[in-house]
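Trainee: Sequence lines, in order, name chains A and E. Residues 1 to 361, numbered by this note's numbering, are exactly what the first sequence covers, in order. Residues 1 to 267, numbered by this note's numbering, are exactly what the second sequence covers, in order.
No false leads were mixed into what you were given.
List time: in silico DSS-like cross-link candidates among lysine-lysine, alpha-carbon distance up to 30 Å: (1) A:Lys92 - A:Lys75; (2) E:Lys243 - A:Lys264; (3) A:Lys92 - E:Lys185; (4) E:Lys243 - E:Lys216.
Computed list of chain A residues with no C-beta within reach of chain E, every gap over 12 Å: (5) Gly111; (6) Gln122; (7) Tyr179; (8) Glu185; (9) Ser224; (10) Ala241; (11) Ala243; (12) Ala317.
To be clear, the hints were calculated from the coordinates, so they are not data collected in a lab. Backbone N, C-alpha and C define an ideal beta-carbon position, used for all residues, glycine too.
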Amino acid sequence: MVSRLRNMITAVTKYGLPKSKIKKLGSLALLSFFVFLACTPNQDQQKSTAVDQPVSIAIPHFPEMPVPENRPITKKRIALGKKLFNDPILSKNQDISCASCHLSAKAFTDGRNVSTGTEGRQTLRNSPTLFNLAWQPYLFMDGGNPTLESQVFGPIEEHTEMDNPFTEAMARVAASAEYQRLFKEAFGDDVNPFTLTTALSTFERSLVSYNSPFDQFYYYGDSSALSPSAQRGLQLFTSEALACESCHSFPLTTNFSFENIGLKMHYQTDSGRARVTQVAADHGKFKVPTLRNITLTAPYMHDGSVETLSEVIDHFAAGGVGHPNQSKQVNGFAITARQKEDLLAFLASLTDTNSYQQYQD
Amino acid sequence: MKKIAFLGLFALSTLLISCEEDDNNTNNNQEPTDTKVTPKFMYDYNFGADDFQLDQYYALDGGAQVSFSLASFYISQPTLVDDNDVETPLTPEYIIVRPGDGPTSFDAIESGHAHRLKFNVGIDAATNTENGASGVQPSDFTDPNHPLAPQPEGMYWSWASGYIFVKLEGAYDYDGDSQADTTFKYHLGVNDLLQVKDVMLHSDMAGGEDFEVDIKLDLKQVFTNLDINTEVLTMTMGGPENKALATKIIQNFANGISVEKHDHGSH
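Okay, chain E solo, but in the shape it has when bound:
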């Protein structure tokens, strides 16, 4: 009851100014004037030199093969940085990425120079609930389509709160006969494993256009220094070995991400 009275008060007192602002905002989004650009992320999953798809075998060194049934991950707090270190955070702030996903269109921003692009692989510590109830949880969302709401593949640890930053599952075929010999599950997360990507773009963003950035992911790099015979399971928590394996894999995963200004000629 208290909340409703409070709400009414604010709604009334802010009605006038807010409608004006909302209208401007909508206009800006729908018909960008010449000073605005719409940033876009285009996702490109690869396995070495091959295009990547789920449920398909890819060759590893020594005749073994790997296939993935899941390869989902979070990007958070994407931010463009200009030559003067002025940061422009992009909206949406949280994105879940899966193989085959189409581009993410961000809200329009002012044109200018994109010197660097920063984003996290995973969920920032202030939002992740690892340290108790102070963060965000999937149960907070009335919008089931929000990236931080419950996801079909389960991107949240229900037994030890916190988001799973990167979830990789699939099977190894050790002898190359395209029959699965064992399954693997790599559920990677916890705050100190957050991976920060900070890359040079050196690109001008022209007003009235989309500013398209390729987020390329090479899943073959996940297997750098990985013993696929023994290192087949980690939920990050539950002991030092799990944490060490999770650390190695999420670092490999992040190293496999490269970022480039989208080149229209090559497609």
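Looking at chain A on its own, in the form it has when it is part of the complex:
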């Protein structure tokens, strides 16, 4: 027992696994981790002395926000993440920040069909909103990335985005005296892979949108929050015929499943979910996107190929192109001009880009 313990201690100190993994190895490993802590200068104790305010984001009509235990949300971490998000320091040519493609005025999208990265390079996909990211069980339209922390490597290293090795971006941030101070204050620790990704992910978790006219009407009983037209649109949205809500489920307006909506017959340049799973049946399937703030996030779909919400409705009404993988729920419906206006009025009622600001400095 004692020698096993000793082995585990060594494993932690010398290129074994990080803390999060150790936990999963069970109580023995956990115990040994604390044994190790007891006799060495203790980073976690330093962390406890950093003066910072914990932030709890609890939204009554949303599921509980999943926050990793070792990455609690605090005021200083949100502020630090926000600064990094807006700073081109992370990109190779110091010309592009996260905010270049995720503009707060457009609900953190960029208004382009596909985004433009460093040196004018075009990305594969349309920039998605970053609201309510905390509830996403996986990131990217193909679900290829499991956490907000590892997602950070994507834009920084991707050739068509910032095109910078993460290690280089990290070295630059670490070379700044100001960032060093801010990291010490927010984490009681240096700039390192854990703290740098956690700063950005913490800021992202603070981007919540939950107080739209729809929320006030549907969850808080304010019958005046929606116009009669928008109320009829809500009926249509949840109707069996249109079945929008079967995929764009309340309250987050997505069930996070991967669906082929028959946007085109051949998904040549972007196979969607199949890019990750290699399974032919996943060809052309994309993660159901949120519809919150949808009037601010045109153009639409993974490739930005649909310019207006009216055309999106036309697409679903026509029942898609009949792709072999197309969802059974996308089977067309009749809709009058007035009903279409109603549905558009409802979609417009999903807008709230203010409530998150209570968590920003």
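Starting from the known structure of chain A, arrange chain E on it as the hints suggest.
Mentor: Chain E in isolation, oriented as in the chain A frame:
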């Protein structure tokens, strides 16, 4: 807050025993007694009969040449196995290997007989994150020098989580004029392409000494049954052709690895 209270509790309750253990441990590492050996891996990159270096052309069949700008790979879970099938896992558990790297010194273990050596080329499936957030990711590390932390050449797929087990990049010169005609990129990984090496050593490990093992890599074997005119790119994922090419190359790569007890006379 909860975490800190929890931590304090454990730290207190384990303080006594742990200090004693830590001290023993340190002593053992620094001054191995006669019963301990220090295993070492020495790396030796070759191209056929030639010593290998990055950014240098090597002849392929038919007058073509190849040069590499990157040839990095992971070794994980190195384990010595004795005659009775008793396994001794070595620490560190994860190693990134690059051309020109010096030896890896493992923590001291008990002397005895090393019948076999096992290790993975790549990252074991329990640690690799391919199937979701249950594994380890480079963003988990506060120590930037950990082999699984972000690496300068990018050993992790940021668009489809998971470690790159073997990353080979460089250029082909098809007509032998030492001018690059096209570049190649072979980023090899995903769990079912993990390569397990399990080799006989049949060596006694004498106490008080280093136990040195040569990990020899012949990069020429990468090109076995490879069509260098067409097979110039694979990121493993993104379609059956990519996967098939990645499978062939990582198998070639692993076949090019041979393991021997280090012979001091030959150096």
